[in-house]
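There are 2 protein chains.
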Amino acid sequence: MVTISDVAKLAGVSLVTVSRVINNADYVSDKTRSNVKKAIAELGYIPSAMARGMRLNRTFTFALILPDITNSFWTTVARGVEDVAQIQDYSILFYNVDEDQKKQKRALETVFSQQVDGVMIAPHDGVTENLKLLHQRKVPTVILDRKLDQDIADWKFDFVRGDSISGAKALTEHLIKLGHRKIAILSGDVRTSTAKDRVSGYRMALEGMGIPYDPELVFFGEYRISAGEKLLRALLDKEIEFSAIFAANNAIGLGVVQELLHRNIRIPDDVAVVYYDDSSKDGTYFPFFTSIQQYAYEIGKTAAELLISRINDRELPSREITLPSKLIVRYSCGAYQKATNRPGLRLPIMDGAELYEESHLIEPFLNGDIREPYANF
Amino acid sequence: MVTISDVAKLAGVSLVTVSRVINNADYVSDKTRSNVKKAIAELGYIPSAMARGMRLNRTFTFALILPDITNSFWTTVARGVEDVAQIQDYSILFYNVDEDQKKQKRALETVFSQQVDGVMIAPHDGVTENLKLLHQRKVPTVILDRKLDQDIADWKFDFVRGDSISGAKALTEHLIKLGHRKIAILSGDVRTSTAKDRVSGYRMALEGMGIPYDPELVFFGEYRISAGEKLLRALLDKEIEFSAIFAANNAIGLGVVQELLHRNIRIPDDVAVVYYDDSSKDGTYFPFFTSIQQYAYEIGKTAAELLISRINDRELPSREITLPSKLIVRYSCGAYQKATNRPGLRLPIMDGAELYEESHLIEPFLNGDIREPYANF
DNA sequence: TTGTATGCGTTATCAC
DNA sequence: GTGATAACGCATACAA
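Chains A and B supply the protein sequences, listed in that same order. For the first sequence, the positions run 1 to 377 when this note's numbering is used. For the second sequence, the positions run 1 to 377 when this note's numbering is used.
Source of the hints: derived by calculation from the structure; they are not laboratory data. Some hints here could point you the wrong way.
As the list claims (entries may be wrong) - Calculated pairs, DSS-like style, for lysine-lysine (alpha carbon to alpha carbon, straight line, at most 25 Å):
#1 Lys38/B x Lys105/A
#2 Lys138/A x Lys9/B
#3 Lys132/B x Lys38/A
#4 Lys138/B x Lys9/A
Claimed, not checked - Restraint ranges, calculated between C-beta atoms of paired labels, are given here:
#5 Ala51/A x Gln136/B: 19 to 29 Å
#6 Ala51/A x Ser5/B: 11 to 21 Å
#7 Pro317/B x Asp89/A: 29 to 39 Å
#8 Lys138/B x Glu320/A: 46 to 56 Å
#9 Asp151/A x Ala41/B: 25 to 35 Å
#10 Asp237/B x Pro317/A: 50 to 60 Å
#11 Asp237/A x Met209/B: 49 to 59 Å
Yeah, the Cβ is synthetic: ideal placement off N, Cα and C, and Gly gets one too.
Work the whole structure out from these sequences, hints included.
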């Protein structure tokens with residue numbers, strides 16, 4: 001391995017001078033500088049980030065800890081993070097933790113040992129010991145898309161999330177307007193704030209429109225395909241009446257659809273399905289269902305920006321940013337005309353499968369700093 | 001920050017002894033050991049990976065350099081990599097490079113400076129200077145899903161990829177069997193081997209069935225949505241006859257579909273569409289189109305296993321693994337019955353959008369080590 | 001404008 | 001069984 005001393009030797013200067021050239025600090029004569037640069041090029045010298053990190057106590061690396069890199073919502077968040085990181089010359093240590101307590105813990109331990117400059121995490125539950133460690137060790141931290149239970153006013157964490165409450169409210173209201181009264185909601189892990197908030201929004205919509213909230217129709221599980229299948233089975237096993245299903249994320253939605261297909265239950269003839277987290281910018285994923293689309297890319301981008309600003313100034317007050325969501329309404333040809341009596345965008349994908357699509361930005365329900373979505377999304 | 005000396009002080013031993021306890025090496029008396037462990041717990045000591053890395057010349061980290069984390073194919077590959085990494089206690093430095101030469105170069109430079117133990121990369125083109133550096137610096141490297149142009153027999157790189165040639169051949173043969181004779185293929189960047197191989201497979205299918213290969217119907221561009229749109233426009237601008245489109249990956253497919261919708265061209269009434277890289281295990285992504293599904297998770301998993309084995313033994317001969325693909329045939333209700341005169345799986349998603357789906361493992365065309373897909377996929 | 005000396009936190013080597 | 005010391009590659013305080 002070629003080190004700074006090798007360069008120094010070749011250039012006939014001391015290694016301090018080389019260091020100065022690299023960090024273009026202090027005074028170095030033009031001649032020395034060019035000599036050193038030549039030597040660097042000749043040897044293909046690349047400074048060791050490790051040695052540098054040790055000396056500076058700064059690694060220009062942060063950790064990104066996500067529940068599931070296979071889920072397009074998180075993928076898009078990651079993309080937002082990556083784009084900012086690259087511009088600012090940060091590297092990303094990536095960890096997939098599957099909403100698994102143990103994996104999250106192990107990821108965080110690794111992260112501590114790696115001495116990253118900051119952490120972005122979608123925590124599994126409200127507050128864990130691990131999160132507390134982030135606070136105690138004063139690691140700059142951004143909480144992605146979720147809330148913490150515990151009062152942590154002094155923790156100096158930053159938060160970026162979608163507006164789950166209004167999103168779920170809008171989605172539920174859409175179903176109610178279509179005439180549904182018995183709406184089942186299949187949500188994620190009850191410990192995640194989004195799973196709870198989406199149920200809250202659902203409840204607000206019902207009660208706001210004079211429909212009683214029935215706990216029998218509310219299910220918590222996990223944000224994964226298998227959970228969607230399982231929750232649907234649980235719902236069917238109860239043998240209670242319902243005409244629509246609200247899947248609290250895309251994975252649950254997939255599970256629901258699969259299980260419905262498996263049982264030969266038709267959508268939307270027998271049951272309507274809507275879901276949260278339509279992360280496709282393109283609308284061809286899950287093309288039949290009305291859904292909530294979050295500004296996932298913006299969530300990632302904003303989070304990375306917050307993190308970097310905090311790394312540069314740890315005394316910043318805690319910031320909390322909530323981004324709005326979008327309701328994507330999709331009807332079949334006939335249903336749309338019946339409901340609205342006007343034409344929409346026609347998606348002639350295949351015989352009889354025409355589709356109308358409309359998109360509505362949702363009014364924020366939450367107080368606080370609701371940022372406008374960026375124009376470039 | 002609490003260091004090994006802090007622990008030593010508290011435990012009343014030298015830091016060497018603490019190191020021994022941590023790495024459970026050598027002889028340490030049970031009493032000392034438990035004292036040290038207590039001190040570690042009390043202080044919440046976590047060893048510094050950086051210092052450790054410097055001393056050992058080993059970071060237990062590898063780099064994963066992918067074209068697009070937003071694409072479900074790469075996402076699934078990444079997931080396979082992550083799962084193995086986690087089990088083997090490796091961290092992953094992740095870089096998104098967008099098939100962009102400059103970004104790839106910068107990622108690799110960062111990677112060198114980080115002194116990762118190994119690199120997994122889907123290289124942008126056949127051979128770049130950067131890749132050569134990986135060889136020269138003897139960084140254990142796995143090339144993901146692509147081939148290199150240049151002869152690199154002595155480079156000791158490992159390779160894991162899908163069987164693009166047979167996949168494309170099978171997909172094209174499917175179209176030919178449906179009666180298509182003029183099939184346009186919209187492929188990726190001409191410098192990526194997959195873009196070329198998919199065209200080769202396409203050509204083999206045509207010529208194998210006595211249909212002349214027409215270069216006018218062959219387009220290279222990029223593996224992204226915008227390129228799909230652009231290539232389709234280029235195709236239409238030529239005003240030549242065609243009845244089917246072969247999109248060489250899912251992103252191009254999305255672009256094609258969007259542009260077709262935009263122009264009110266119906267699928268499959270006016271033109272048939274098939275595509276490569278249906279990475280959804282669930283079949284609800286892009287549900288209308290016949291497609292090739294690769295064993296993306298296995299590609300990632302295998303790659304990580306190869307990398308780790310090479311890290312542990314750099315003298316291993318270069319290995320090349322090609323995983324087969326699967327042809328997912330999807331018909332509309334009517335088309336299926338017409339074509340096969342038998343029933344399939346009915347997907348009653350919505351009025352009139354019934355769908356039949358069948359899946360066929362593709363016989364490998366390539367010689368060499370073709371591994372069976374794992375059962376757990 | 002340049003160089004010398006020191007230390008970041010760890011582990012390998014050798015000595016006791 | 002345990003400890004002193006050197007070394008990994010770099011950047012800084014200080015000296016020249």
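Comparing the hints with the structure gives:
Among the hinted pairs, Lys38/B with Lys105/A is consistent with the structure: their alpha-carbon atoms are about 20 Å apart, no more than 25 Å. Among the hinted pairs, Lys138/A with Lys9/B is consistent with the structure: their alpha-carbon atoms are about 24 Å apart, no more than 25 Å. Distance hint between Lys132/B and Lys38/A is fulfilled; the C-alpha atoms sit about 21 Å from each other, no more than 25 Å. Only pairs whose Cα atoms come within 25 Å are accepted, and Lys138/B paired with Lys9/A is accepted, the gap being roughly 24 Å.
Checked against the given bound of 19 to 29 Å, the beta carbons of Ala51/A and Gln136/B, roughly 21 Å apart, stay inside it. Checked against the hint of 11 to 21 Å, the C-beta distance between Ala51/A and Ser5/B comes to roughly 20 Å, which is consistent with it. Separation of Pro317/B from Asp89/A is about 37 Å and conforms to the stated range, judged on CB atoms against 29 to 39 Å. Distance hint check: the CB atoms of Lys138/B and Glu320/A are about 48 Å apart, consistent with the given range 46 to 56 Å.
The hinted window of 25 to 35 Å between Asp151/A and Ala41/B holds, with their beta carbons roughly 27 Å apart. Here the CB-CB span from Asp237/B to Pro317/A is close to 56 Å, well matched to the stated 50 to 60 Å. Between Asp237/A and Met209/B the beta carbons are some 52 Å apart, a value that agrees with the proposed interval 49 to 59 Å.
Every hint, counting from the list given before, is met by this structure.
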